[in-house]
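Could you slot chain B onto chain A? The hints should help.
Keeping their order, the protein sequence lines are chains A and B. Residue numbers for the first sequence follow my numbering, beginning at 1 and rising by one. Residue numbers for the second sequence follow my numbering, beginning at 1 and rising by one.
Since the hints were derived computationally from the structure, they do not count as laboratory data. Careful: at least some of the hints might be erroneous.
[To be verified] Below, computed lysine-lysine pairings styled on BS3-like, alpha-carbon distance capped at 30 angstroms:
| # | chain 1 | residue 1 | chain 2 | residue 2 |
| --- | --- | --- | --- | --- |
| 1 | B | Lys182 | A | Lys134 |
| 2 | A | Lys134 | A | Lys288 |
| 3 | B | Lys289 | A | Lys264 |
| 4 | B | Lys182 | A | Lys288 |
| 5 | B | Lys286 | A | Lys264 |
| 6 | A | Lys138 | A | Lys81 |
Since the structure is predicted, the reported quantities are computational estimates derived from the model, not experimental observations.
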Amino acid sequence: MAKPRPVLVGLPSGATPAATATEPEGPHEPMKIAVLVKYVPEPTATWTYADDLTIDRTGVEGRLSELDEYAVEQALQLTEKGLDAEIVYVTMGPAKAIDGLRKALAMGGTSAVHVLDDSLHGSDAMTTSLVLAKAIEKIGDVDLVIAGMASTDAEMSVLPSMIAARLGLPQATFAATIAVDGSTVTIRRDSDTDSREVVASLPAVVSVTDQTGEARYPSFKGIMAGKKKKVETFSLADLGVETAAVGAGAAKSVTRSADVRPPKQAGTVVTDEGEGAAQIADYLVANKLI
Amino acid sequence: MAAVLVLVERTDGAVRKPTLELLTLARRLGDPVAVVLGASDDATVATLAEYGATDIRVVDAAEIDDYLIVPAAEAVTEVARSVDAAAVLVTSGPDGKEIAGRVAVGLDSGIITDAIDIAAGDGGPVVTQSVFAGTWLADSAVVSGIPVITVRTNSITPQPAPAEPTVTPVEITFSDLARSAKITGRTAKESTGRPDLTDATIVVAGGRGLGSEDAFGKIEQLADALGAAVAASRAATDMGWYGHEFQVGQTGKTVAPQLYLAAGISGAIQHRAGMQGSKTIVAINKDPKAPIFEIADFGVVGDLHTLVPALVDELGKR
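Same shape as in the complex, but just chain A (with noise of 0.2 angstroms):
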């Protein structure tokens, strides 16, 4: 199937169409989805700063983000549904993120890519979607980027749309609902006022909320398989990046103090002998909050 590249764009003259001619009739090729997923700390853990004001991810366990899962899933259903597609996983991140990688490829998919460079540590949503984007144009002829709605640990949201921006890629993001029939991706994306189909021709990417249905459970044959399946290393040097362009030294926006927010004082609680309902109206009225 002949299609169109992703086009990087450049810094920082903005964004360049890519091309949307039509599928010319050809040998049949799988199509390539290329899924973003992260390696994060444990929501249930205790976070805290390193030194240098970015998290630290030494002292925590880690796992796949949870929203990454809903787009793993989203991948594999697409193929369960008939896509002849091969999936392969991209992650940025220390050593530590290739268990992100093992623990998408136990749910299924094909292969992995793991972005690792110690001189990446540190970088801000401006370095990771370049560095993100160049990592897709190397993987070559993906026809769909997917990934989760936002991180479980920086919760920034923005990465799938800097991408698409990178790249010069339709986005059709925040889906509820996904369907792609080939040469297009139809998603549903709700807002608190609407609920809008949106649809973008392949090339593009994707971004999926909770609301696309539960992860599955890695099965004990899967996670064997899992770890068969081949993860290649990106450094740098293979994306064509600069080391100073990335990391701690370039990012555009820094963190220059963080404080633990002072506990809050512990409130009143108290067990309900039929006056709990009156007692709750009291404390209202006493904070003038009614």
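Same frame as chain A, but now just chain B:
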């Protein structure tokens, strides 16, 4: 003074309260330039003027409504360039964050999301964020380019400061990419008649402890007695008892009302991430060990099925 861009959000033509919060913050940094997407009208201009916009730029283009995110981002990027903005402020939310992300790429600038406060600093805005599920406060700054900042709703109280703005229509030449994700259908959600969840002064939230969809009727009655918005925990929305758009927590809304009244919500960290900025938290739960009581200002251990209707009666008497 420096121009500080504010992206205006409107619902049914009315300027939303979060935009007034942005204008209030923008005034600390310079002169607010309000970017209106879609047709403007007298009411929009009057509201923006009341809260201190000195300059209103109107981008009334069909692309804004017909295509996802990119036209709005291109419009904001172009206006930011043309006024040589000192900062760009956008309301946090799926659309706002995605627009901001693209604006940052377009301007080759740093981006900070979910600010809860902004102050003028020597080297540009100093941005306060509540991070790690609200357990830390961090001060951040953009050190390269035009700071692009998204701001959480209800973080500050809007203050009027009347100005007499100029109103200028802006023609944008959109890229082909701006027309690449077409909105082919749109279904409006029915209005509940209650305050908007993210703007509400009081929020009444129900969770797993309700036990059924029907029991949410009790939560709605209490909300109506208080003039409050209704919210739900993820457990409740996952079970289909209440709409996902009312979910508060890590994968839903972040709210910071004056009063958050939680009934039948245990207070898992994912839920707390979305509500612990609330000024006052009142909790009803049958489990005395529920973590919600650790952050509640006032808690009652008891059965919400009797307590909530009793509270509605009690409020009626006062």
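Against the structure, the hints come out as follows:
no.	hint	verdict
1	Lys182/B with Lys134/A	holds, 26 angstroms
2	Lys134/A with Lys288/A	violated, 55 angstroms
3	Lys289/B with Lys264/A	holds, 17 angstroms
4	Lys182/B with Lys288/A	violated, 48 angstroms
5	Lys286/B with Lys264/A	holds, 22 angstroms
6	Lys138/A with Lys81/A	holds, 28 angstroms
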